[in-house]
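K.L.:
Numbering-wise (the numbering used here), the sequence shown opens with residue 1 and increments by one.
Just to be clear, a hint being listed does not mean it is correct.
[Said to hold, decoys possible] Only pairs whose alpha carbons sit at most 16 Å apart, straight line, appear in this in silico EDC-like list of lysine to aspartate or glutamate: (1) 195 - 76; (2) 334 - 318; (3) 369 - 319; (4) 363 - 286; (5) 15 - 29.
[To be verified] Derived CB-CB ranges, DEER-like: (6) 63 - 32: 21 to 27 Å; (7) 336 - 38: 30 to 36 Å; (8) 301 - 120: 24 to 30 Å.
Hints were generated in silico from the structure; no laboratory data involved.
For glycine and all other residues, C-beta sits at the position ideal for the given N, C-alpha and C.
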Amino acid sequence: MERSKNEFNLNRNMKVHNFNAGPSVLPNEVLYKASKALIDFEGSGMSILEIGHRTEPFIAVMDEARNLVRELMQLDDDFEVLFLHGGATTQFMQVPMNLLESSETAAYVDTGVWSNKAIKEAKVFGYVDVVASSKESNYNHIPKQFTIPPQASYLHITTNNTIYGSQWHLTPVTDVPLVADMSSDIMSRSMDFNKYSLIYAGVQKNMGAAGATMVAVRKSILGKVNSRKIPGIMDYRNHIENGSMLNTPPVFAVYISMLTLRWLKEQGGIPAIEKVNDKKAALLYDEIDHNPLFRGTVAKEDRSKMNACFIMDKPEMEEEFLKFCKKEDIVGIKGHRLSGGFRVSMYNALPYESVEVMVEAMKYFSLKKA
Numbered sequence: 001m002e003r004s005k006n007e008f009n010l011n012r013n014m015k016v017h018n019f020n021a022g023p024s025v026l027p028n029e030v031l032y033k034a035s036k037a038l039i040d041f042e043g044s045g046m047s048i049l050e051i052g053h054r055t056e057p058f059i060a061v062m063d064e065a066r067n068l069v070r071e072l073m074q075l076d077d078d079f080e081v082l083f084l085h086g087g088a089t090t091q092f093m094q095v096p097m098n099l100l101e102s103s104e105t106a107a108y109v110d111t112g113v114w115s116n117k118a119i120k121e122a123k124v125f126g127y128v129d130v131v132a133s134s135k136e137s138n139y140n141h142i143p144k145q146f147t148i149p150p151q152a153s154y155l156h157i158t159t160n161n162t163i164y165g166s167q168w169h170l171t172p173v174t175d176v177p178l179v180a181d182m183s184s185d186i187m188s189r190s191m192d193f194n195k196y197s198l199i200y201a202g203v204q205k206n207m208g209a210a211g212a213t214m215v216a217v218r219k220s221i222l223g224k225v226n227s228r229k230i231p232g233i234m235d236y237r238n239h240i241e242n243g244s245m246l247n248t249p250p251v252f253a254v255y256i257s258m259l260t261l262r263w264l265k266e267q268g269g270i271p272a273i274e275k276v277n278d279k280k281a282a283l284l285y286d287e288i289d290h291n292p293l294f295r296g297t298v299a300k301e302d303r304s305k306m307n308a309c310f311i312m313d314k315p316e317m318e319e320e321f322l323k324f325c326k327k328e329d330i331v332g333i334k335g336h337r338l339s340g341g342f343r344v345s346m347y348n349a350l351p352y353e354s355v356e357v358m359v360e361a362m363k364y365f366s367l368k369k370a
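Build the full structure now, drawing on both the sequences and the hints.
P.N.:
Set out below in structure tokens:
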């Protein structure tokens, strides 16, 4: 519907439209169930924050969370699923610590800040071959042509680049083990997860609340590093042996993940949520491409369906647009300090209606400035 400059009126029946890049929006029913568990977890008379992590009620939570990951991602029997501390940043070092001999080389593709940080950590443990990078073009695309050394211990990619708004839409074909940081697009789209040997993701974007990291690792790739002693807490095999409870796990974060994974399954799983995510991304990118005030910053074929990054050709208007959006309960759209402009994050739990409101705001602001 076309609106005049004086007709803009957003839907006030919804809560704030939360486009934060992470921690990010959670399903309302997850928040409701979690709020009840904070007072009384399943009739125990104790808060979820108070229960022992080795008691039967929480063991059941951990087991369900891990099994839901297996089910939703359709992982084969060689995979183990872990919920660990430390965020994806700890995985930057834990991956090479467990997989890279000091005399061997790992291949990495540099597509943004987080992959660059992973590269730096890997260099502490062995040799790193950066087989491709989009750094010279300010990470505005995914490299397409590169050669993976056949002797590489593994190839590491970051499937979605939260800061710059690019995303791998095809899985690299390789004979070496494939490792991926999927922190910002985990379970947002259908793919053959069994093509990977190790997948890790901070859960605070699509899988729950901040505080836990999901790791899915093939048992068959572990135990091959003999050049160093791996500290017990950093050895994936120890976490597997102890059912992801080698030490006290992030109890509440795992519980939120379990509820979020339940919610995802109830929506119809990954294939169903992918359709919603495709619809949200198509709506927003269509407005970016047709609104004269805004311009996308990433090659169209590599645009992220999770994090849409764009700018204004008149940067002096950006602050005014941010203030306008805040007034209309649209939050979290300011771009990262390294990329500027705007970033609209559209994770699994973000309602389609929020994207409609964002698009309507862009249209109205453009009309107002015409």
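K.L.:
Now, for every hint given, state plainly whether the structure supports it.
P.N.:
So, going through the hints one by one against the coordinates:
Of the pairs offered as hints, the one joining residue 195 and residue 76 holds, with about 10 Å between alpha carbons and a cut-off of 16 Å not exceeded. Taken as a hint, the residue 334 and residue 318 pair is honoured in the structure, with Cα atoms around 9 Å apart against an allowance of 16 Å. Distance check on the hinted pair: residue 369 and residue 319 sit about 14 Å apart at the alpha-carbon level, within 16 Å; holds. For the suggested pair residue 363 and residue 286, the alpha carbons sit about 12 Å apart, so the restraint of at most 16 Å is met.
As the CA atoms of residue 15 and residue 29 are separated by approximately 14 Å, the hinted pair is consistent with the 16 Å bound. With their beta carbons about 23 Å apart, residue 63 and residue 32 fall inside the hinted range of 21 to 27 Å. Against the hinted window of 30 to 36 Å, the Cβ-Cβ separation of residue 336 and residue 38 comes to about 32 Å, which satisfies the hint. At roughly 28 Å, the beta-carbon separation of residue 301 and residue 120 lies within the given 24 to 30 Å, and the hint holds.
Going down the numbered hints, you'll see the structure goes against none, and every one checks out.
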